[in-house]
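Following the working numbering, the numbering of the sequence shown begins with 17 at its first residue and continues without gaps.
Hints should not be assumed to be uniformly reliable.
[Stated by the list, open to error] Each computed EDC-like pair below joins lysine to aspartate or glutamate, with the alpha-carbon atoms no more than 20 Å apart: (1) 188 <-> 205; (2) 461 <-> 501; (3) 289 <-> 522; (4) 445 <-> 501; (5) 556 <-> 500; (6) 235 <-> 178.
These are computed hints drawn from the structure, not numbers from a lab.
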Amino acid sequence: MRIKYVVSLRRSILKGVILFAVLIISNNISAYAFLPDRSCVVSGYIKAGEDDNEDFLESQGLTLINKVDVNGDWGYLAEFKNLNNPSTVPKYCLVLTGAPYNMGYQASSLMPWQANKMLTEFMLVIGLEQLGYLGIDLDPYSPEGQKAFGIIYELIIEFAEEAESVIPDYIKEEFRGIVDGLNAAGYKDVTFNDVMLLNQGIDATYFFLMSVAGKVYNKKAIRRARITLLKLIRLLNEMNPEGKYSIDWPSVWNTDYSDFLKFGCNEFIVSGKTTLNDEILHGRDFMFGTAGIYQDVSCVIVYLPDDGKPFVTVAPPGFVGHTVGVNIDGISMGQDVSQGDSYGSNMGVGSMMVIRHILQYGSSLQEAVDMVKEIPRGVPWIYVIGDDAIDENLGAGVTLEAGASEPAFEGPDVLPLWEQRLLKRHIRKLDDTFPDRGIMVRSAKWNFPPEFEIAGLSLSVPGKFYHDKETYTVKVEFPPQIEEDDNVLIATNHFLIPRMRFLQFDPAFFIVYADGVLSDSVWRYEQMADLIMDKDYYGKIDFFGSDPEMPAEGSAGWIIDFLNTKRTDYYKGGLFSEVPGHHVIINNTTKELKGLFGYMSDPWVGINLPQFYEEYSESH
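Construct all of the structure, not just a fragment, from the sequences and the given hints.
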């Protein structure tokens, strides 16, 4: 088979930036620099080793499958049984208790083959699958594919070894517990670095590719990333019996990027008069590739840590960082990809680790915002945080439009000088509010500045660079805020705050967003806004409806499920049956979480967190 590759470091690599998802983190900051000074003591219905645990689980619709004692801390594996709707795969719930190491050991020893699949095969398949967007087609199970992955993995491990000090000790202890639990179960091929790679992969992907493109604040990282890319190209040339690989620009620019649509994310927070019962509801759609594995191994996970707050999430075993969750204080959180030219000198703490930290230690909305600012970060993201109470200044939730925590930036100053001159009249409209540690806060009470509603600039470029048209129009746009209700907050994959939006006008990111990514993100943003503000639903939005396994029309669960292939043909790549990632709805008021994971027609499952605890006390 003739394999094509792309040699342009400025176009073809950046074309696939949003589509890669595999690597880790790098920094040299004290691991506990951002930890709050508090400890929590938790006790509840789940009691280590006691016989009545099985009865309690049964009362929650769960059947105990297995349990394990790790240094006096018990972990439980239960299955959601007696479901009214058929499930394609078993729906499991992990209950993890105690010290970090013990919780990691419990998770991997109770679901060993699932954790092993995620830490080995999933990473291999997802990593090489993304190379396809750069014109490289490799079988992940072939010797050539594994060699190619090994080349990338080698640099990632170097970054990881340099970054260990930035990862909090409790997280590293849980990593070690996962490894030891798998080793004890007979899976000897998993290492500490494999666990780190799985948990830091998304951020590391972007940092690696932006290092190749010269966009990170670290010349050494740029040099090492480019050397790694050259090694990969050399390997591909050696594998090609016909000689050097050819450059096929039409193939690159005309690639069907419909599969990319799986790699966005969608979130909303509604409260007050929008809801039926005056509740705060947080919808979170984690759009991500499955590698044919994720959908079969995900589960509900309940954490009862010795230090920190109980929380619940949906994730596969092996995840220590998370993409969604809600804690006992009603703090919920998720993250959405939003690329922009604000990368640090290192990867910082990965987005999944950021969420884990807030879920375990966050008590209020303002505290959660302050905690995220304190965490060293090196990759741009949008973070969405909800609470169970209405903050006087922030409302029920916020989106944090985030770049690297350092070095400091203003927004337009990241642009090339020629582009700053081109957009000078727009830059003049900015107010004097600047990012704080790389973050700007958009609450439900924030209003889009009207002076940017008609701001924009259109440019025509040669069609040979964009598909098969003679000319192609690219636009500098400031997508306006749609939700103007103080009780509604919506986020997808583009920045709305104008100062942050300038980060996406650097040519490296402008190319990616101009070629359909922005319009797709805006479309999903509009779809959720239309459903929330629909006159038939507004003011009547319930958490889920009367059927505990299928969301009722107009409910918050139904709204966040708007891309279910049983309802829409949005995924142009085909009406596949597996859920790419998971759809989750959270009731912050009652601390209940429900998730759809596995397959589109599967029943939703979840738990009400307070029902797992009869006593929650915190001491300082």
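Hint by hint, here is what the structure shows:
| no. | hint | in the structure |
| --- | --- | --- |
| 1 | 188 <-> 205 | holds, 19 Å |
| 2 | 461 <-> 501 | holds, 8 Å |
| 3 | 289 <-> 522 | violated, 40 Å |
| 4 | 445 <-> 501 | violated, 24 Å |
| 5 | 556 <-> 500 | holds, 18 Å |
| 6 | 235 <-> 178 | holds, 15 Å |
The structure fails hints 3, 4 (numbered hints given earlier, in ascending order).
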